[in-house]
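J.: Chains B and Z, in that order, give the protein sequences. At position 63 of the first sequence (counting the first as 1) the number is 63 in the numbering used here, and the numbers step up by one without a gap. At position 69 of the second sequence (counting the first as 1) the number is 69 in the numbering used here, and the numbers step up by one without a gap.
None of these hints come from the bench; they were simulated from the model. Don't be surprised by glycine CBs; every beta carbon is placed ideally from N, CA and C. One thing to keep in mind: the hints can contain errors.
Footprint (simulated), chain B over chain Z, 3 or more residues, beta carbon under 8 Å [what the hints assert, rightly or not]: (1) 187-198; (2) 259-269.
The following label-pair restraints were derived from C-beta to C-beta distances [what the hints assert, rightly or not]: (3) Z/337 x B/50: 42 to 48 Å; (4) B/116 x Z/236: 33 to 39 Å; (5) Z/167 x B/94: 30 to 36 Å; (6) B/99 x Z/249: 56 to 62 Å; (7) Z/17 x B/9: 51 to 57 Å.
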Amino acid sequence: MSAGMERRGFLKILTSILGLSALGTLAYPLFRYIFFVKTASTGATVTVPVAGLPEGSAKDLVVGDTPAIIIHKPTGYIVFSRVCTHLGCLVNYHKDRQLLICPCHNGIYDLDGNVVSGPPPRPLPQFPFKVVGDKIEIG
Amino acid sequence: MSALRKWLDIRTGLAEPVRTSAAGHRVPRDLVLAFYTLRMVAFVAIVVQIITGIVLLFYYVPQHQYAFKSVQVIMDQVPYGWLFRLIHVVGSNLLVTVVLLHMTTAFFLGSYKKPHEFTWVAGAFLLLTVMALCLSGYLLPWSQLSYWAITVLTDVPTAFPVVGKFITQALRGVSGPVSDATLRRFFALHVGLLPLLLILLLVLHDGVPAHLRYRRRRGGEPVISTEAVAVALYFIAMFSIIAFFPGLFLPHDAHVPADPLKTPLHIRPEWYFRAPYEILKLIPSKFLGIAVQLVLVAVFICWPYLDRSRERNILKRPLMLAVFLATITAWIVLTIRGTY
């Protein structure tokens, strides 16, 4: 009887180990499957003609998958991501106030991308660019 | 009819469980019956959401090129499509209202106290699941309103170091902004995983601890007729909103297709998320704003284990009454602030 019980106990443990192993073997692929993240396109270079961007003006564009903005300041051009660093809404350029303002939580950035007021934790990320002839190449 | 019932009962044995869970539901005479009707209304509201949700699936297309248009087709072309969609939209808001009221009355009456702690915890998770269902469903019409609400929501985890970015990307299904991958992911959650979770939590909340409930006690008031009145009121409220205020839960941006390059001005979430949304505005630190809310949610879930007092009557506990009233007031004030 005692030997029978031992065998039953052993089989229980064995079944548990096999069952858990089978579950574990499935859990990993399931985790990888569910949490697979497609990499967003970093995108090719975006070109903007200089002529279409007089001083003081700005133009919305998309670099890779990221909405961006190029601004022609008195000191030159600057290109930012428009994605607010607070919660991901898109900032808008307010020419009259010379500021970038997020409509969601009123995060305000200056034209260097620095946070002036509101809850954004970081400045707006900048994109590299170069002026080539009469065009601006971004990214 | 009686013969059919008997025939069915011999083969299923359902007569007794149905009698004890519905007709046999009794509450103590000294309590206000209306408080105990909300569980039945919540149950009916969930059934209404499931039925209308399935009906909407006949025509909805979960792809970003077609999602908005398919919803327009449901509203404008499919016979009575507008009716089923409005029932689903209004019903989701009523469901949140009913579950919130149910939790509030449970708190007020001290119904979470021993031995009902587990019922409260399951109920709290049920409320969170209902809200997750509302949020996941929010993206499906692929409107400006839905796109930007989900953009803000899925950006919330980035406040947390190390795992935050991973969670955001896992929710969106892509390392960039909200996209078609997010729509499909939310669709799977909305029609697959979350309804299953909801049913499981309903069973845990209402089924497993049933033996602890008043219904098993002798005596008391039968509550079924009051429940019927409450369910009727639920349908009156729903069809009044559909008839007289059909745009109440569908503002202008809900009728504009999603534009990933333009955040609408004056964006705001649904009424039940406006208080948390306002807290994010008021607390200057993103991490702190979100961490505070997570702590509040954890306190809400674990409340039966934090409040160890044996006294159920909140009117005999001035401090608890003050906390209760302050919480309700703060929530209402923040919601109004977020609305105007």
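J.: Indicate, hint by hint, whether the structure satisfies it.
T.: Now the hints, each set against the structure:
1. 187-198: violated (count 0)
2. 259-269: Three-residue rule met by the segment 259-269 of chain Z, so holds; n is 8.
3. Z/337 x B/50: 42 to 48 Å: Roughly 46 Å apart at Cβ, these two residues keep to the hinted range, so it holds.
4. B/116 x Z/236: 33 to 39 Å: Because 51 Å falls outside the window, the suggested range is violated.
5. Z/167 x B/94: 30 to 36 Å: Check passed, 33 Å falls within 30 to 36 Å.
6. B/99 x Z/249: 56 to 62 Å: Cβ of residue 99 of chain B to Cβ of residue 249 of chain Z: about 34 Å, so the range 56 to 62 Å is violated.
7. Z/17 x B/9: 51 to 57 Å: Given a distance of about 37 Å, which is not inside 51 to 57 Å, the answer is violated.
Of the numbered hints listed earlier, those contradicted by the structure are 1, 4, 6, 7.
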